[in-house]
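**Student:** So you can see what is in the structure, the chains are spelled out below.
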Amino acid sequence: MSEIPEGLFYTAEHEWVRVENDGSVTVGITDHAQNALTDIVYVELPEEGEHFENHDEFTIVESVKSASPVFLPFAGSVISINLELEDTPELINKSPYGEGWIAKFTINDPDELNSLMSAADYKSHIDE
Amino acid sequence: MSNVFEFEGIDGMGYSQPDLLIEKSKIKLPSDLVRKELPRLPLLSEPEVVRHYTWLSTRNFGIDTGFYPLGSCTMKHNPRVNEVIAALPGIAELHPLQNESHQQGLLSIMFEMQEMLGICAGMDTVSLQPVAGAQGEFTAIRCIQEYHKSIGETHRNKVIVPDSAHGTNPASAAMCGYEIIEIPSREDGLLDLDALKSVVGDDTAAMMITNPNTLGIFEPEISKAAEIVHSAGGQMYYDGANFNAILGKTTPGLMGFDAVHYNLHKTFSQPHGGGGPGSGPIGVKSHLAPFLPTPLVTRRKRKESDKVVLDDDWWYMLIEPSKSIGKVQQWMGNVGAVVRSWAFYRRYGFQLEKMSEHAVLNANYLRHKIMNPDVNTLDTIPIMPSEGSEAKFCKHEFTISALPLKEQSGITAMDIAKGLLDKGYMAPTVYFPLVVPECLMIEPTETESKKTLDTFATKFHEVLAEDYETLHKAPITTHVGRVNEVQAARNLVLKYEFEDQ
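Listed in order, the protein sequences are those of chains A and B. First residue of the first sequence: 95, per the numbering used here; consecutive thereafter. First residue of the second sequence: 35, per the numbering used here; consecutive thereafter.
There may be inaccurate statements among the hints.
Unchecked claim - Each computed DSS-like pair below joins lysine-lysine, with the alpha-carbon atoms no more than 30 Å apart:
(1) K440(B) with K198(A)
(2) K388(B) with K403(B)
(3) K188(A) with K403(B)
(4) K493(B) with K159(A)
(5) K388(B) with K159(A)
It should be emphasised that the hints constitute simulated quantities derived from the structure, not laboratory data.
The whole structure should be built from the sequences, with the hints applied where relevant.
**Tutor:** What follows is the structure, encoded as structure tokens:
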């Protein structure tokens, strides 16, 4: 059974989004996603300061099975990236919501998050 | 393990060379060009080279050793008569710069191949130059790009691919500078026309698709898809990877395609190499023909003055298409591959459709055997057909999903594949297409007998009945056991490390 923590936003493409206290926004992929991808072997990270529009592909996560794009569900710029993933991409498998975070962003319009799914919505989405 | 550095040759040297003609001290080289250390070349003698590679070959598995149901790859038998024809001195010993008069025999074979492939795909002109399917894709997409330029439609910058496409399709289009638009398939794995309609527009350059699709299902609405793309001004590209399913039955031309590639190493029995030599000719409709790579083979009526007398009344020669994109390969591509495929097709002649009939029959028979096991051996089968409930038949290949088994016992498609290695088979393709969870993709080809398929189905069921522990350790009977793919992907070792380095 996949872990789906409360308090995060989720997308149909299996990204999670967490609003931090300082207003920045952290993004990663869900437990369900890492489970489906199996062992992750490489993460192509964005550059700090890089700007993305809503729905832009900002990262590629490569597993032994496939290479999958990760989409940003809002418009924003990269504040920091998880450099640990360069040498230990398996952190996404071990801790998708914790040490396996991918990047932290500024967000242009926080209202964009309102269209995303809650934990309950996401659960029913993946159970379908 | 054995490697070439373990051999010491004769007296620590695998070769012998004559003495230098001048004294070594008289050779004046700039000091920065003088070697400080000798290169560490392998030191094998000739018998050791032979033994090493023969030893390696005994550890190999191929279509010549056993059943090879690798989906999407069409691993059919390579008839040995192909080799006899390709080795004829008049073919094998020709140099491409020899006179046209010396090349009439070979050029006539190539001309016939252009014609045959054109007819089989419903295309007007064929280029034999690309040497791989993916190179064929790139070449054809470049022709489409130049065609659009020639009619002033340079704004077309998007190529549409379904989410079940072969990975080479978006890669080839991206190599040409196009933006890729991926459209989702329907629940039943077929093309979603509404999704297609929502993305086509005046920026559409082309759509790339294979039919039957990667699930082994024929797309019944393909000509409607072609209409949608054409009405927006886009071109239709046919990926010929699954051509083995439809030869003589229908053609990409009839379906509405403008360009195709053929994989001679799949459909026409040229052996698959380890990355080569393959052959990926392309065929196009007449409006794209001026852009094809150069040269093409053409013919004219033979004149009295022509030096060579062939059995037919034609003289064969090379021509350059008027607006050619240039060359994508030296000379004429992999000519040997084209000749082997010619020999193969000549044995079928007008009966070529028999090949597809048998390939499709074999796939359906094996699919039925796998999905309907003998009740005495297996009560329920923890795999499911992945084409949706409506697909009663497949074409030349089929996909099954091991998701139920994974949820039940943790056994994955990969475990089943490894278990099949222990039964003496090459594993099917796994985890492709990506739209099928825990996918196994099986393509028996027309090569195999009913008995081979029956035995394979039985062994397949035996694998499904094994426990998690056993399968997770498989294979144990092969020369190389379970490969640690994660380790291999994370820690690439690309060169030999000497112990003293």
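**Student:** Next, verify each hint and record whether it holds.
**Tutor:** Hints versus structure:
{"no.": "1", "hint": "K440(B) with K198(A)", "verdict": "violated (34 Å)"}
{"no.": "2", "hint": "K388(B) with K403(B)", "verdict": "holds (22 Å)"}
{"no.": "3", "hint": "K188(A) with K403(B)", "verdict": "violated (40 Å)"}
{"no.": "4", "hint": "K493(B) with K159(A)", "verdict": "holds (25 Å)"}
{"no.": "5", "hint": "K388(B) with K159(A)", "verdict": "violated (36 Å)"}
In this structure, the earlier hints numbered 1, 3 and 5 are contradicted, and the remaining ones agree with it.
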